[in-house]
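Enquirer: Line order of the protein sequences matches chains A and B.
First residue of the first sequence? That's 1 in the numbering used here, and the numbers climb one at a time after it.
First residue of the second sequence? That's 510 in the numbering used here, and the numbers climb one at a time after it.
Be aware that one or more of the hints could be misleading.
Said to hold, decoys possible - Straight-line distance between alpha carbons at most 27 Å, and here's what the computed DSS-like set of lysine-lysine pairs gives:
{"#": "1", "chain 1": "B", "residue 1": "K549", "chain 2": "B", "residue 2": "K567"}
{"#": "2", "chain 1": "A", "residue 1": "K153", "chain 2": "B", "residue 2": "K663"}
{"#": "3", "chain 1": "A", "residue 1": "K159", "chain 2": "B", "residue 2": "K576"}
Unchecked claim - From the structure, some residues in chain A lie toward chain B, with a derived Cβ separation under 8 Å:
{"#": "4", "residue": "K102"}
{"#": "5", "residue": "A177"}
{"#": "6", "residue": "I178"}
{"#": "7", "residue": "E179"}
{"#": "8", "residue": "K182"}
{"#": "9", "residue": "P193"}
{"#": "10", "residue": "S194"}
{"#": "11", "residue": "W202"}
{"#": "12", "residue": "G233"}
{"#": "13", "residue": "P238"}
{"#": "14", "residue": "A241"}
{"#": "15", "residue": "A245"}
{"#": "16", "residue": "E247"}
{"#": "17", "residue": "P249"}
These are calculated hints, taken from the structure and not from any lab test.
Nothing here was measured: the structure is a model prediction, and the numbers come from that model.
We treat Cβ as the ideally placed atom computed from N, Cα and C, and that holds for glycine.
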Amino acid sequence: MQPGIRSGGPIQSGDPFGFPRTPSSLVDRAFGSIVLATLVLLGAAAPAAAQDVNAGKAVYERKCMLCHGEKGDGKGPAAELLLPKPRDFTRGLFKIRSTANKTPTDQDLLRIVSDGMPGTSMPAWEVLPEKDRRNVVAYVKSFAPDTFKEAPKKLELPKEVASSEASIKRGKEMFEAIECHKCHGTEGRADGPSRPELKDEWGHPVAPANLTRRWNFRGGRSRTEIATRIANGVLGTPMPAFLDAVEKPEDIWHLTNYIVSLGPDSPQPATLVTVAAVKDAIPDDPAADFWKKVAPNNILLEGQVIVDPRNFNPAIDLVSVRAVYNDREIAFHLTWDDPDETKGDGKSTFPDALSLQFAPQQPTGTERPYFLMGDANDGVYLLRWEQGKGVSEVTAHGPTKLTPMQGGEAAGKAVFKNGQYTLVMKRPLTAAGAERPSFQPRVFTPIAFQAWEGGAGDTGPKMSLTSWYYLRLEEPQSNRRFFIPPVAALLTFAVLGMLVRAARSRAVQ
Amino acid sequence: MRKVFVALTATTLVGSAVMFAIGPRLAGAQGGGTVEVEVKYNGAPVVEKLKVNKDTEKCGTETTIEKVVVGSNKGLAYAVVSAPNAKGAKPIKAVVDQHGCKFVPHVSVMTPGEMELKNSDDILHNIHTYSTANAAINKAQPKFKKTMTEKFDKPEVIKLTCDVHSWMLGWLAVVPGVAAVSDTNGVAKLENVPAGKQKIEVWHETLGKQDKEVDVKAGQTTKVSFEMKGK
């Protein structure tokens, strides 16, 4: 802290830019004051607490250095494992900013530190005291003093347009006219033709945002944040600024409204997989209208990080399950996003795959096989689909010990369209033998999920997966529910009537 | 009638003032000489061919990345030749077109100021510069935005890329003095270079930089030759 500034500056908060106390700090102080003055002029919230570069350094070295590196160059020991790569602060290029120039405000940086970057390895550091976070912002800025020589300039967004059917329609037109699909895909699932070649300014591969997954937007999911990203671009990445590249300024908001219309605000994860009872035949075709009437259960997947090779950057993080059964079969309709349909070259890419995991027999107690595809003693039963091979039944004793099962009647069909797989897998409700589970209504049956994005190099243990979930078959639908309550009501009335009559006749006597 | 007279007088006065202000500079430039620079390269050309799998109706199905283009007599094309310290040079405004999913011309020169970016492809391009002295830009240029004006004030050689079409590569040299790009014979002419000792610089995207001092004589053509070395 610099008492001189604290007492003399316009704001009693110490040196808000926390430059190190070097002989040149007079220059820095002067420049700091200019930046501060501009901030105040802009009406940006001036930091409430003092920022101390040295204190920030201490926090940085404890919490940030492993990924972002001692020199702030993004080359920490963990960087190798991460995708997207940790930010190199020395270039002074910050992805998320609310400013018209390349200098972010302190608030922009603080927000990323506090809230993290969804969909990346950057966690939310809200757990740290605000003072520590502000200090770390000051320290991060000291890695790129040149960038912060220029004061942040507020971005003026065009006048906001509320969402409406007309606005969304216009947004879609603009989306097509400015060719957002080149990277983000026709339906926004990050499967555009330019996707495989995209690199950031450091030459690292970078994926376009999946616009149907707002909760993974790096810079936040609010409408203003989305409009700002469209207008500003994302610095250091291929995402360009569109502020001057739309037909009319308000198109920025029409685009925003369209993007918001592409998907839900949150993944709404399920805690239980409910299997609906149906009377009709179950269609094999994943595109059949039948499936639209079945409620989805959204299951969140994580990267497998227990055994090598680990998957620190899972490409598949959500599988949507619709499950039904009738008196003969049980069927699973699965939907998940994947930017490319991959059969694999066997070297860097592998076949896309998905499996549903069950205990071979309904467990009697709480004991279940090891969730990571079983172990040597207790195997698991997998209902598995693989690109190019189709649906099969497999016994697994660990993620690398898969044995195809003989016989069986599992079947299914997968369709890939616009960056999304839909798959139907089905098999008989009851199975013979000790290796295959049978399904019974009202019983909580353990289920787990595994998925492989072969295009991203997923194969074997490198996968996305879940721990055990439960699956429950709904009561079979019967007419009893229409029949029993009225009968019960009738009987009650009859008894009441008899009582009343008995009472009256007694009263008359 | 009177109004016209006043207007004429005003115009004349302003005109004279302007002439007075810039006259000596023009005269100085006219008093310069021409430097004919020949850039040679003894190595093999490096031209990579690439299959194109998107926008093929505009970009074609194959494209070339011209890293080293060698013409007749071992002349090296696309070298930026300049006299960076030449004062009073005529401003050069660069016009770079995005045509056939290539930057045309592949290498351009400009004096500090504004330049024009065209998109004659009728598809989306994004102009992504790797500039350091000037602010880096990454702006979308959709099909309906036929031209954009950008400002580059500080001297440097700027790499131009397009993320939509990852093979697109261009160079824009911002040079304060007199500059030109060598043709397929490896020749570039620098006109109106002030007489006296001048530093002549050659820059090539893969073969690097060289410079030589040349004595420029007013009204004459001075020839100078560079031999670029492979890296």
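Enquirer: State for each hint whether it applies.
Expert: Outcome of the hint check:
no. : hint              : verdict
1   : B:K549 <-> B:K567 : violated (34 Å)
2   : A:K153 <-> B:K663 : holds (21 Å)
3   : A:K159 <-> B:K576 : violated (46 Å)
4   : K102              : holds (7 Å)
5   : A177              : holds (6 Å)
6   : I178              : holds (4 Å)
7   : E179              : holds (4 Å)
8   : K182              : holds (5 Å)
9   : P193              : holds (4 Å)
10  : S194              : holds (5 Å)
11  : W202              : violated (11 Å)
12  : G233              : holds (5 Å)
13  : P238              : holds (3 Å)
14  : A241              : holds (5 Å)
15  : A245              : holds (4 Å)
16  : E247              : holds (7 Å)
17  : P249              : violated (14 Å)
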